[in-house]
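Trainee: For the sequence shown, this note's numbering begins at 1 and goes up steadily by one.
Source of the hints: derived by calculation from the structure; they are not laboratory data. Possibly wrong hints are sitting among the right ones.
[Unchecked claim] The list that follows gives simulated cross-link-like pairs (lysine-lysine, DSSO-like), each with its CA atoms no further than 30 Å apart:
#1 Lys47 to Lys8
#2 Lys29 to Lys18
#3 Lys18 to Lys47
#4 Lys8 to Lys18
#5 Lys47 to Lys29
#6 Lys29 to Lys8
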Amino acid sequence: MSKKPQTKIARVQGMLEKPKGASLAAICKITGWQAHSARAALSGLRKSGCSIERDPGNGKSGGSIYRIVGSPETCR
């Protein structure tokens with residue numbers, strides 16, 4: 001039995017569900033998307049019901065960290 005390939009948006013959602021979240025750069029790296037496409041994906045997840053929090057970061061990494069807060073089951 002072969003495993004169904006995971007979509008890019010599903011990979012992004014999986015990254016955002018982790019407690020440490022994901023930076024925009026990490027999302028771009030894993031998907032191959034440009035930054036504007038990654039931001040559009042975040043907007044799409046928000047529209048689908050995901051509550052996404054943006055942490056401005058600590059200055060060392062230079063970028064914001066995004067994570068899904070609340071129940072991931074609400075994201076569809």
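Trainee: Mind listing which of the numbered hints don't hold for this structure, in increasing order?
Mentor: none
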